[in-house]
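I would like the entire structure built from these sequences, with the hints used as guidance.
Protein chains: 4
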Amino acid sequence: MERAAGTGLPPDSRSKLQARFKQIRSLTEALVEPLSDADASVQSMPDASPSKWHLAHTTWFFETFIAREFLPGYQVFDARFAYLFNSYYEAQGQRLARASRGVLTRPTLEVVRAYRAHVDAALLEAIAELPAKAIELVELGCQHEQQHQELLLTDILHLFSLNPLEPCVWQARPREAGHRPEGLDWVAGRAGLARIGDAGAGFGFDCEGPRHDTWLAPHALATRLVTNAEWLDFIEDGGYRNPSLWLSDGWAWIKQGDIQAPLYWRRRGDGWTRQFGLDGASGLDGAAPVAHISYYEAEAYARWAGARLPTEAEWESAAEGFEPWEGNFLDSAGPARPMAARGDGLRQMYGDLWEWTGSAYLPYPGFRPAGGAVGEYNGKFMSGQFVLKGGSCATPRGHVRASYRNFFYPHQRWQFTGLRLAKDL
Amino acid sequence: MERAAGTGLPPDSRSKLQARFKQIRSLTEALVEPLSDADASVQSMPDASPSKWHLAHTTWFFETFIAREFLPGYQVFDARFAYLFNSYYEAQGQRLARASRGVLTRPTLEVVRAYRAHVDAALLEAIAELPAKAIELVELGCQHEQQHQELLLTDILHLFSLNPLEPCVWQARPREAGHRPEGLDWVAGRAGLARIGDAGAGFGFDCEGPRHDTWLAPHALATRLVTNAEWLDFIEDGGYRNPSLWLSDGWAWIKQGDIQAPLYWRRRGDGWTRQFGLDGASGLDGAAPVAHISYYEAEAYARWAGARLPTEAEWESAAEGFEPWEGNFLDSAGPARPMAARGDGLRQMYGDLWEWTGSAYLPYPGFRPAGGAVGEYNGKFMSGQFVLKGGSCATPRGHVRASYRNFFYPHQRWQFTGLRLAKDL
Amino acid sequence: MERAAGTGLPPDSRSKLQARFKQIRSLTEALVEPLSDADASVQSMPDASPSKWHLAHTTWFFETFIAREFLPGYQVFDARFAYLFNSYYEAQGQRLARASRGVLTRPTLEVVRAYRAHVDAALLEAIAELPAKAIELVELGCQHEQQHQELLLTDILHLFSLNPLEPCVWQARPREAGHRPEGLDWVAGRAGLARIGDAGAGFGFDCEGPRHDTWLAPHALATRLVTNAEWLDFIEDGGYRNPSLWLSDGWAWIKQGDIQAPLYWRRRGDGWTRQFGLDGASGLDGAAPVAHISYYEAEAYARWAGARLPTEAEWESAAEGFEPWEGNFLDSAGPARPMAARGDGLRQMYGDLWEWTGSAYLPYPGFRPAGGAVGEYNGKFMSGQFVLKGGSCATPRGHVRASYRNFFYPHQRWQFTGLRLAKDL
Amino acid sequence: MERAAGTGLPPDSRSKLQARFKQIRSLTEALVEPLSDADASVQSMPDASPSKWHLAHTTWFFETFIAREFLPGYQVFDARFAYLFNSYYEAQGQRLARASRGVLTRPTLEVVRAYRAHVDAALLEAIAELPAKAIELVELGCQHEQQHQELLLTDILHLFSLNPLEPCVWQARPREAGHRPEGLDWVAGRAGLARIGDAGAGFGFDCEGPRHDTWLAPHALATRLVTNAEWLDFIEDGGYRNPSLWLSDGWAWIKQGDIQAPLYWRRRGDGWTRQFGLDGASGLDGAAPVAHISYYEAEAYARWAGARLPTEAEWESAAEGFEPWEGNFLDSAGPARPMAARGDGLRQMYGDLWEWTGSAYLPYPGFRPAGGAVGEYNGKFMSGQFVLKGGSCATPRGHVRASYRNFFYPHQRWQFTGLRLAKDL
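Chains as they are written, first to last, in this note's numbering: chain A, 1 to 425; chain B, 1 to 425; chain C, 1 to 425; chain D, 1 to 425.
Hints may be right or wrong, so weigh each one.
List of simulated lysine-lysine pairs, PhoX-like, C-alpha gap at most 20 Å [claimed, not checked]: (1) LYS255/D - LYS255/B; (2) LYS133/B - LYS16/B; (3) LYS133/A - LYS16/A; (4) LYS255/A - LYS255/C.
Looking from chain A toward chain B, a few residues come up when the C-beta cut is under 8 Å (computed) [claimed, not checked]: (5) THR214; (6) ALA217; (7) LEU247; (8) LEU362; (9) LYS380; (10) PRO410.
Over 10 Å on every C-beta distance to chain C, these chain D residues come out as not near it, computed from the model [what the hints assert, rightly or not]: (11) PRO34; (12) ASP78; (13) GLN94; (14) ARG106; (15) ALA114; (16) PHE322; (17) ALA370.
These are computed hints drawn from the structure, not numbers from a lab. Just so you know, even glycine gets a beta-carbon here, dropped at the ideal spot from N, CA and C.
Below is the structure:
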């Protein structure tokens, strides 16, 4: 679940880029700080990767595409790492099978940290001299690492969720159960011709463009995300037991996995009153937005509520008035968690939770994959997945924008995913 | 793989409907004529159903939604058939698991024919008296049966393809290898605002509407379908061995299934020179359009050819100038097979092969599922599938129209599927 | 599940063999008489084969090992059948995958009957002239066909058991529920040195020998088989819910398959009161022996009863005083079913049900597989299976003897399997 | 893969037992010494357990069956560990699924060491006062821990074998390729009545008894184990490609897993010249016994060699003249590996490698499982497995005896398994 080729050199000066590079690389290491060598090495499911692997793979990216290509005399840290830490770049040769990442108890976390330091030193020194093409790749590598910061958090959360001891990555003020959310209102969206996709002003992945026209039917968006309290109503109304609410594939999925609630909800004698997060187990806050739901669940909820999911274009069009760096994002290592909506009008567009849209992840008109090895992808994942918008509390602040397209399969829910309702007008 | 609720009563008079009902019911039986009881009973894979099941299920539809509801004193043929021959209508109660349809050696083919005769007699007599609501359901049942006629043919073809004896359903003039196709040209499509979806003039399934505006980018469509000869070039150029041509899921699919050619191609010592069809095994006709390919294959071919698949809207917009009942369709029982394109300009839009589009099967703006049990569906299948347009040589003539939306998963290819290239202008 | 190589020519004169050949071949056809083409073609699970396949495979055996080898000028019926109807003789070349036998709707049942007639005619004419080596193979072919007669019955029973219509192969006097069995007594077996295995007087499969000494500890056998009424007590005492009664693999097996009763028992509102058989569905006869149980179930029951299963040697030693052609065996086409024990002392040793022993199916000391292609096997199956003794109501009379070793995996139960208790003294 | 209930109190005085307890507990910790927290936490396959789990589970055994039962005022270290570290004792309540042991990154290795220290302190102090029943359980716990010492080594070897970096647990003098083994001779075994099974003089598991008579046919055993050089001959003669050498299940197993050599052999350009072990990757020593082979492979090799595997009784009878504490066993933490045979006559009976026998793991006549929770098992595993005898280089010295019965499924080969040939006389 990863993207690659970007286009266009950001306007950052080289020293700004250097600072940014340092900041991003440091944050990754801060995220891993509370983890033991074992925590960082175990793979909890094929979809997830060990934290150590994230640490090394992001470093491999900088080493492979920049240090080895552009730094004369660069000394490769360990030639075998190319095999271990390539993710899916076919052009970069053989690689360890994805589901086998958990056998890599060696190299140890310490060695991987040394690997990071080695590559960082080489790059930091070189940034001032790198050609423009390489500078573009540094920016891309930073964006890539930010994506892995979020995956690292969701993967470690998944691992800890399976441990009966309910480990807590970061202490936090306990969440309390029983809050009720604010009322839900609707805001009409723009109808008719709209222009969406990457405008080219800053960094963007290839799949975000080209910018193009699209036609929007009259519609409205809910002012905030659906909450835990509302989801409880859905459950109590038999939402998970009524096949007429579900997509056919979704019904098969809940039957096969005996799905009865969002991924990290916990049942006690008194019902669904607890949830698990990066801050360990705590009460289920009714006012907070419901998180860790699949597309199937989001879609079933929307049908139950007499509504639907927004399309990607509707969402993107509505997001235009908002600043993408404002919202509940990841600023530093800590217990990322979605928060109850506050304020008036359309809110929570950015941050808190990735919002499932009803749009399939497919190429925009005129889409061309970026060239070269780093541009091998994005297009490669364009079947069977749905688009999510807006970023989450685990997304590094500044990483997303209106045109940003995240994508997952409809059954996946270990990411910080939520939903906003939409309706036809 | 089936659709249900229609809207709007067609303008046919009752006597026309009676004639149409008889003609459609007869054609189904004619299709089964060459089959033995065993041929009609075996299920070759979970996606396919036995012919006998198709015969009975289409009859169950008329019995359940019309005879039992609207015919006073109607005598149910066998009460247990409701369990055996319901497909997926949850509202109609329990049903045999889809993958178990092949255990039904009883009722025999003869009993199922008697079941058909019983229901036909009751309905034919009643059509003159039925209320409008029931007449609508008769029309829907006819449309439904036409869909199953095509499935019946593709399912029996699949079964016979697994038999080392290569049984032939219908004798036909042998196909010859070695033809070369006509040249391939491009025709520019309409750009800008377009209106697609069911216009409501005749019968349409719920998912075809509402009619709505959409925006088309400048583009062109290939004048004909891709041919066997061209596909051989793709294979010889290493098309199935080059991961950069494939979607990630598609590459996993060909690796896992060791896919090296379209589903019914056969390799001899001299290469891919044979194919299997309803007329048994014969030479591979280079000028005929390539058939029985998955979306993954279609998409990889298009990338190899420097093109892409058309979107649903592009296809539908281009189809406006054509009569949907003209083309290579199914008129009577016989060895349906796609034919080489003839003539000038855009051709083969209707008939020959279902054309994969690059559009996911998702609801149109404002879509509302039809009400009642027959309208339980269509919407239920809106995840993970792609739209196909235009009908095939196994589609009964008159069944499709521009707004018709067929849909399958990207790995499925036992239907009569092919591809037409498109490109951006 | 099949055996091959025999040793030693039986004393039958050629004319007796001819009569025996005709009788056996006719019985097979009589067994298939009530079946439709579809009944005879469908494969209900990978362990089972279609009746048509049994008809053809037994014929293939005679054609391959005798007609083609020993009959000058023999005309092969259809050269492709070698591929279709070989079971597992690696030395005889490629063959259809076992799990694909159900796709063979062609050749039809009629063609297979013609195949049988063709080979029968050739052999019957030739028996008078065949060399001794070929005569031995005719005897082996007859034994082989008898094995398939039983498999044919158990496979068709399995197929019909999956059909919600509960088809009945042969009408029979209905079985009644509620009988209680006779009391169960114990008979001490011989202790000390015993001699078991094929004595070489008549036909025997290679795995039955060599005859050899073995040492028996003091023990006793139950006078009759365990009954349905007793099994109900086991169920009511929580037998299927108590892990301490089960082998570890057996517990996993019942959990995974949600096993709660013997294979063909049927639950109604009033509990386990019905069973399914070749005579359709009927009442559960408490006095009849419990049938269609796995080794895991037999072993758990024995533990629950404070007893154990007999060893193969104990059983064989006890069987010495009995005539192996007396008992409830298959004499002609009809609803084979196990009957309540009658009389005194040790009974039901032969016929009624195959008795699970606690002995693994492993080679006897000095075992050597028979030579040649027909002798390829028996030894090949010597891992993971348990021995069953005594034949069943579906075994052709005269087919078994004390040294006969049947074998199945511990989870299999679609055969006519039952259990007799044993205990240490 | 674990055994429990023992019978009979060993004659050790309490102080000897105390010393023995300390020595065994220390050895376990020494084995884990070279491992990182991650090495000790990852589960490489469902059959294997993390080292940390072995450390904790053996401790849980002492805590559950002795400390909690017999030590007044004993303070449980962490009540949740009962759920985490129970293996399969149904009577001890719920437990973590076996395949999920690898998610336990917490408790950390350090905490588990503290758990060990806590229980050790409590027990060491108490041994002088414990009642006889508890002393028996301490002895049993020591035996149990020794079993886990061997599993710990084989499990960590398996994990490291999957790591492309080929980690080395213990440095050792490199093994060299190319040696040839000593010649192989035969020694006749005893024939006629023999007495095997636990004689009751020292500790023994329940499944080793009762001691009983058995009858041996004339036979001979090979003087030493089969070697790597001989196995290479088997491979070069097409051993893995000839179905007539294999059990049917074995052939399916090698086809499905593409098995071409023993588990830890490594192919280079020049063929099978390397092997992987606890000392990392090194040359393949032709004179050393071939290790890490399945029963299927051992049996196929024996057939190829015109021989067979010994029965359990033959092996046990032959072992009588040997001291079970002499041989290549585990004495201290280090790179356990099998060594070339030296000397004359029958050798390598004890140590080096567990020897597959041709005997199924089934109860001895008169077998009764030991009572109580610790005696829940052994009998529970008596289906589908084969017996292995003699211990290996990874078995703690003094742990085995002639009557010791190890058992594994025929496809398993991550243990230190080898083979000795036998033949009929």
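Mind checking the CB of THR214/A against every CB in chain B and telling me if the closest is under 8 Å? holds (6 Å)
Pairwise hint evaluation, LYS255/C against LYS255/A, where the allowed Cα distance is 20 Å at most: holds (18 Å)
Restraint: ALA217/A near chain B, CB-CB cut 8 Å. Satisfied or not? holds (4 Å)
Beyond 10 Å from every chain C Cβ - status for ALA370/D: Answer for ALA370/D: holds, closest chain C Cβ roughly 13 Å.
Given a cut of 8 Å on the nearest C-beta pair, is the interface hint for LYS380/A held or broken against chain B? holds (5 Å)
Could you grab the alpha-carbon distance between LYS255/D and LYS255/B and see if it respects the 20 Å cut-off? holds (18 Å)
At a threshold of 8 Å, is the proposed contact between LEU247/A and chain B supported by beta-carbon distances? Constraint on LEU247/A satisfied, holds at 5 Å.
Less than 8 Å between beta-carbons is the criterion; does PRO410/A satisfy it with respect to chain B? holds (5 Å)
Please work out if LYS133/B and LYS16/B have their alpha carbons no farther apart than 20 Å. Roughly 17 Å between the alpha carbons, so the hint for LYS133/B and LYS16/B holds.
Does the closest beta carbon of chain B sit nearer than 8 Å to the beta carbon of LEU362/A? Holds, about 6 Å.
Beyond 10 Å from every chain C Cβ: check whether that's true for ASP78/D. Per Cβ check, ASP78/D is outside 10 Å of chain C; nearest 26 Å; holds.
Interface-negative label, GLN94/D against chain C, beta-carbon threshold 10 Å: Answer for GLN94/D: holds, closest chain C Cβ roughly 12 Å.
Violation of the numbered hints given earlier is absent; every hint is satisfied by the structure.
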